[in-house]
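*Asks:* Each residue of the sequence shown is one higher than the one before, counting from 4 in the working numbering.
Quick caveat, the hints were computed from the structure, so don't treat them as lab data. Predicted model, so just to flag it, every value in this text is computed and none were measured. You may find that some hints are simply not true.
[Unchecked claim] Below, computed lysine-lysine pairings styled on PhoX-like, alpha-carbon distance capped at 20 Å:
{"hint": "1", "residue 1": "K549", "residue 2": "K526"}
{"hint": "2", "residue 1": "K549", "residue 2": "K577"}
{"hint": "3", "residue 1": "K341", "residue 2": "K285"}
{"hint": "4", "residue 1": "K549", "residue 2": "K584"}
{"hint": "5", "residue 1": "K52", "residue 2": "K125"}
{"hint": "6", "residue 1": "K286", "residue 2": "K341"}
{"hint": "7", "residue 1": "K76", "residue 2": "K61"}
{"hint": "8", "residue 1": "K598", "residue 2": "K526"}
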Amino acid sequence: MTTHRRKHGPVLFLTTFLTGALLLETPASADPPVIAIDDSFSGTSIGTKIEYWEDEAKSAGIERAAGASDSFKPSTDSVPNFGYTDSAYWFRFALSNDSKAAKRVILEVGYPLIDTLTSCSKSPSAEHWSCSVSGDSLPFSRRELPFRNVTFSYELDPGQRKTVYLRAQTTSSLRVPLWLRPSNDFQSHIISDELAFGFLFGWLIVLLLYNFLLGLITRDSLYFYYSFFLTSCILFTSSMTGHSFQFLWPDAPAWASRSIPFLVCFFAITSVIFTRFFLHTKKRTPRLDKVLLFLLALFSLAMAASLVGPITLTTRISLLFVFLGAVILWFQAFWVWKIGYEPARFFFLGWLSFAAMVVVAVLRSFGAIPEGFISEQCLNIGAATLALLFGFATGDRLRALIKERQQSREAQLALAAERFHNFSEIKKIADYVSSVSHGVTDATVKLVSSGDAVTSSVEDVSNFADDLSDMVKSIKVSTHRITTAARENMSVALDTTRAMDNTKNEVSLVKHDAELIFETSEKLMTSLSDLENIVSSVGSIAEQSKMLAVNASIESASAGEFGTGFAVIAQEVKNLAQESKEATVEIDGMLSVFKESITDIIQMTRSSAQKTEDSQRSIQHVSELALVLSRAIEANVTMAEDISVNLQNRANSLSHIIKEVSNIEGAVKDNQLVGQKITSASQNLDHTVNHLLGLVGEGPTTLL
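Model the full assembly from the supplied sequences, consistent with the hints where possible.
*Replies:* Quick look at the structure:
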């Protein structure tokens, strides 16, 4: 425990009182303690080999300090630490060259934040004191050696003795670590010191550049925030070690004094910003995020105050705020880690270590803990550790993102594989339906071609029956009803082609139409057989009429002039019989041609029905809409049956023959409509299948 620190609390007061009582029993010496310099002398700490005196008025000069020999007290600490004080302190010691060669020694004050350091030396033979002033309140160029710490050099002749007085005054914590080294060893000390700090700052700068480049490459703002934090960390650390004053603003001593509280607040602000962004506190912990926003406002005010307020007060406030912020951020990181965000554990460890180092720095500033390497470099250690752990957190976040994206990629690949399998199955069905559709189309083309041939024959018969058009009006009405129903069926069929599920309706329509054609054709064959019988009867009647006419001619010849009129009638009957016979032969020829065409239609209808039945069995899973078309086809069948009944009622007369011919013409037209309908349905089905195949071909590529 330091015996010369100011009183801060009951414990320190009691310690100081007891130590002071012990010192009062030891009379102060009029001469300062002597440090011998010989050939074996090497660098050493002289904190316990000096005496000190507190100048509360800060007005004493070298003459007064030299005359106050009885007021000096021996130092018992290796690093005298007076905490935050408004007093100036004088230190004294004597240097004695016990060697036979001249010696040059260098005194290093190992704390770069002291405002003013004055060194006065005098040998017994000299009349005046030789004084030199340095510190961070003066430009860096005023220093004897270009080094981050203040140094003073002393020349000693062989056997010479020189008394040294050192005055220290600052607005920050007053720590005076004193090292005395031979000049030839000081250069190696500078090299080792700069090498250690060069490694620290080099590592931080490389980390800064690396993350800045990552931000430019990845366009991830997190790396820019981290680079911003590292910048503040480098500035804060270099200011605490004196490197900023040496390299960045050597000619701005006023700013060098205020830069410490300013950069402390700046470091705290960047830490809070980076923590908020990294931990997503606005989303994960909205209440604690408001506390962090309050901290940002608090640090901003403290940073502004450091530019105009008292340096001692703003420095203390900034350290207090930083400690408060470290504790809050530590709790924030712990809470985010607790709710499941793994990278937050590095923030937890980082802020825990930094808060501990801030506590050590505060206690050291007030002289509550002994001096050492950790207490001397605690803030630098805490900042470097925080930067390192933040780097680990950034890397862990990147690892978590890569893992998450890999899992998402694997899930997408699995989904794509499943969809590709489904598309493959659909493609197989579509290929099969397409082949069936092409078969139906071919059969339909043949059916339409046969219908065209039958239409040609029917038109010839229809020319013979023009004068009997009134008798086929009822059949035309029925035919119109069939056409209307067929159009409705065609509309339903077009609706069913918009999806794969409507395929069976098209095939069912083809099957029913084929069956209708088949049934109608069979009925037509039956009607044609009846017509042949009727034509045969007409031929027989014509032969009988011819015989009757011959007999009539014979009778008229027998009757003489009385049979002349009857002979004319007999000749007309004979002519009529001859015309009837010729008409019968001509109709019989037409019916033979028509019968052959109907036979071809029946054969093609049977082939189409067989193909349709095969197609229906292959796509049974899409038969939900077949009922609509089935009912419409049943209505058409009912209408066709009505037409068949009308035809049968007229089978015993010549007019019935003409109606049968007209009925044949209507059936052929109906067949053409059905063929056109089948062709249209097949084309729509082909279009649907081609569209589906296109989707199947594009699907897996898009998904993958």
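*Asks:* For each hint given before, does the structure comply? Return the numbers of the non-compliant ones in rising order.
*Replies:* 1
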